[in-house]
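Spelled out from the first residue to the last, the chains are:
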Amino acid sequence: MWDKIIIAPFINFLLWIYSLVGNLGVAIILFTVATRLLLYPLTMKQIKSSQAMQELTKNKKYLDIQEKYKNDKERLAQEQMNLYKELGVSPFASCLPTLIQFPIIIGLYQALIQTVASSPLDLLKLIRHIYPFFLNASSLIPLNTKFLWMDMGQVERLYIPGLSFGIPTLAIVVVITTYISTKIITPPPTPGAPANDQSAMMTNMMNIYMPLLMGWLAWTLSSGLALYFVTTNLVQIAQYAITGKVYWGNIIPKINSASTTNKPGKKK
Amino acid sequence: MKNKKIFVVISILLLGIMLTSCSSNATATNSWGGVSATETDVYVTNATSILSLKADSGNVTWTYPEKAAATRLFYAAPVVAGDQVIVGDYKGLLVSLGIRDGKELWTFDGAKGHYVYSPLITTDKIIAQNADGHIYALDFSGNLQWTFTAGNPFWATPVTDGTTIYAPCLDHFLYAISLADGKLVWKTDLTGSLVASPLLSADNSTLYIGSLDKSVVAINTTDGSIGWTYKADSGIWSTPVLAEDQLFVGDESGKVLILKAADGSLVKPVDVKSPIIGTGVIMKDSVIFGDEAGEVVSVKKDGSHVIISTLSGNLYSNLVVNNDQLYVHTTSGTKVLVALNSDGNEIWNYSTSSK
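These protein sequence lines are chains V and L, in that order.
If you're matching positions, the first sequence starts at 0 in numbering that gives the first Met the number 0 and goes up one per residue.
If you're matching positions, the second sequence starts at 0 in numbering that gives the first Met the number 0 and goes up one per residue.
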């Protein structure tokens, strides 16, 4: 069921793009851009909900509640929920689009793995996923998996003469672009806002661990997937920029963030 | 706000776990293994290791490597060359093992792709085709003699008539290459990827090969010209089997096509109903095939067929017969390797729980 509904359409779409361009690397880039555009309404909803939640933290009522019930966590949570209801904001509204995107991301990942087909069993599965009325499998195979210095089916390493090891350039780019895409949507602390240590800690954790996690995936998985991650990040950064609320100033870490005068970055 | 962040962090971790669990190694490779046999021993790949088993009992005599690693995969059947067992892994390392103890004798690390099927052993060379698009000719000490480059993956084992090797490639071409120096003799476009070895006729004049372009083709070995083509209903993953003057070819639609070797005309299609991926073998007066449903099917010359055994898992690997014993390697089955007699009765089996 999962194969028929999610993976097979993705594989056919990716291979259809491949049949037009003749290179799997280029096809992955175009495929990623196309799928991100298809998911754009969901992404926009997520960004807007997230921004609404960020605006809420500057709301006087919200700040008063934080101060008033700072020693009573249960009551604080209850009052916060009441405020969310009153203002028509749902803390989960920005999570739902993420949740919906999950199966799509997993499906994309599996489609890419199967499309690269580096073993007979993978190739057998790939051929069975191709719609015969849509694409001619035998004319497409073998796929041209070479893109720049990379093979989309292999782990990416750039070998430079004189160096005894390969540089995982794509993994490095994945870490950098993931860091930027998470940082630019994190608003700087509001002046006078109560220090919500747990929340700030969580944000910082996410900003550090997510790029590292994505970088580790790109380091260990095939370069086709790493290319997908990089393209996704770049498209995501562009989408955030279009919404007009990005904090470019966050990209460079401040040495002492607690004492920094809050300039809301270069808000676009 | 706090709840949302916790949710996002947990989601990211879950996504990471899901993505990595889909892939135990760099390329998420998974495939079917291979088996080969001599009079006394059987050699089998079991994904992360190679095993030598006694042919009469199935008892393990040695395993390689001593410590299996999930990142080092073996799917190509090990092949015997004198007192060595030659096997390639999915990281591009070709290894020679001592036939008696499985100790490493030498390695060749010149390839950068998978070794998908076993190398060809000739009188003085090891011809190792690799998915990096090269064929490497080595002597029996592992020294490189020559390299042939096609640029696209070679999966299937080439065949040779003693002077020329015939190598099928995924790029749709069948390459004829001089065994002495690796120079191209001719190449023929068969319009579909070639994932199985060709069959060389006894007089070395004709090659029979199937392709993923749903065709079975007879090729003249002198110049690569096509003698005849038979168009099947689905892709051909296996090598044709020649029994007297008839070819038995399994296809992915679940049919065994019986063709006249002389002109490629269809004698009879035999519907076994489950895809045939591995190459069959002649055993007594029948041609035996394994199918995707786990059935071992015996097909007679007149097209009558009978299921002689049903095993758990898929039978994708090439069947091997030796000393009236049929060796069946299963994929995703409870038993890795099963030895059957010609009636389909089990003689012994090796499973991962076997000692």
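To be clear, the hints were calculated from the coordinates, so they are not data collected in a lab.
C-beta: ideal position from N, C-alpha, C; glycine also.
It is possible that part of the hints are untrue.
What the hints assert, rightly or not - Part of the chain V face toward chain L, derived, beta carbon under 7 Å: (1) P102; (2) S137; (3) I140.
Okay, the hints, checked on the actual structure:
1. P102: violated, 10 Å
2. S137: holds, 4 Å
3. I140: holds, 5 Å
In terms of the numbered hints stated before, the structure departs from hint 1 and from no other.
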